[in-house]
Each structure stands twice: as C-alpha cells, then as structure tokens.
Amino acid sequence: GAGVSQSPSNKVTEKGKDVELRCDPISGHTALYWYRQSLGQGLEFLIYFQGNSAPDKSGLPSDRFSAERTGGSVSTLTIQRTQQEDSAVYLCASSSTWLAGSGTGELFFGEGSRLTVL
Amino acid sequence: RKEVEQDPGPFNVPEGATVAFNCTYSNSASQSFFWYRQDCRKEPKLLMSVYSSGNEDGRFTAQLNRASQYISLLIRDSKLSDSATYLCVVDNYGQNFVFGPGTRLSVLP
Chain A
6 GAGVSQSPSN
16 KVTEKGKDVE
26 LRCDPISGHT
36 ALYWYRQSLG
46 QGLEFLIYFQ
56 GNSAPDKSGL
66 PSDRFSAERT
76 GGSVSTLTIQ
86 RTQQEDSAVY
96 LCASSSTWLA
106 GSGTGELFFG
116 EGSRLTVL
Chain B
168 RKEVEQDPGP
178 FNVPEGATVA
188 FNCTYSNSAS
198 QSFFWYRQDC
208 RKEPKLLMSV
218 YSSGNEDGRF
228 TAQLNRASQY
238 ISLLIRDSKL
248 SDSATYLCVV
258 DNYGQNFVFG
268 PGTRLSVLP
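Chains as they are written, first to last, in this note's numbering: chain A, 6 to 123; chain B, 168 to 276.
The set of hints was computed from the structure by calculation and includes no laboratory data.
Predicted, not measured: the structure shown is a model, and the values here were computed from it.
Do not take every clue at face value.
[As the list claims (entries may be wrong)] Sample of chain B residues at the chain A side, in silico, Cβ under 8 Å:
id, residue
1, Glu210
2, Pro211
3, Leu214
4, Phe266
5, Ser273
6, Val274
7, Pro276
Cβ atoms here follow ideal geometry from the backbone N, Cα and C, with glycine treated the same way.
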C-alpha cells in the first residue's frame, strides 16, 4: 500500500544486543518522526527529521539510541546494547511539509515495531 | 509540569451519552493543535484539527482556549465504536509534535 511501512513488526532480542528498526515513509513526505510507546503509556517523542535540516534529536533517551534518514526517505532507528527498559512499540510517522498554525500537518503512522528485550 | 496533560480516565459512558475530554498544554508558543484517536494495539490516527474559533465534525466538537492553554473535545450521542484512547497533540515551537498521555473512553451498551 501507500502508507508508512515499518519493519520488523515484532522483534525479540537479548539484553545487550543491538537492534535496527526501519521506517519507509509515504512517498513525498518531507517530515519523519520516531516515537515510542510503552505498554499503557502515551507516545514519547524520540527524533524528528525535516527535509535536509539537521534532525531534532532532543527526545533520544540516551546515546545508545541513534537514527538516520538516507536520501530524505527511509529511516533507520538503531538501539545499541539494548536494555529491558527499551521494550516498547516504536512508531514511525511521516507528514508533508506543514506550516505551524495552519491546522494541517496530519501525521500518518506506521503500525509500529514491537521490541521485546529479554 | 508535563508539556501536555490529560485526564487518563477511563471514562465509562452509556451509548448515546455526551462526553467531554480536556487537555492542557504548557508551551504558550504552540500554534497547532489536534485530537488523535488510538484503538487498542493500533497506531494513532487523526480525528480532527483544532482551530481557534472552534470546529465541529459531525458528533465531534473541538474547542481551543489560548489564554488558558486548554483544549477540549466533546462527543455527542456516543457510539460503541467511539471506544478508544483520545490523544491531545500540540506542536512544539512549530517543530515536532508532543502527544498527551491520552484519555481512555469506553462506551457501554
């Protein structure tokens, strides 16, 4: 389909291993966001890419987390040396360019990658 | 103080009831406001944007009070299918979006 695609949908890993989560946004969308959601909790902002600008990394919880967006399209979120508290659903969203205050800027979410760290 | 606060609920209401959710935000520079809906174990989806003058979409009405930094969502004639978590979303200095923790609604038959 033409929506946001995330992979893997489920990932079980052992504590201390590295994981990579992939997001393929809607074609033409310039903005890409990563959030994570722990069970029963709200969405926690991680990182935001807008076009060719430097990403807003202010939400990354530690230096074990990093993300790239290659060619302004696909993004990879990498978690190094995973810990049990990293277990969550990692949600990616994209949107077309929006103007603050315009009321537009709908975020289209993927179905998420569920990460379980044993 | 959290950037976006909501009453977590749950709100348990009978079919046909009217229910209102409130949301407060701390960043006075925020310019865009939204309500998203999230079904259990699903991704969030846009319900409606919130405009300064207030706006209505069928059974749903959203209001914004900039002076009090307060947003509301009113659902009239609740349906079973309205059961979900409702997320208040605010932009952060016109950059990324901050999500509230969500308010859970259960509409009972």
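Can you list which hints this structure breaks, lowest number first?
-> 3, 5, 6, 7
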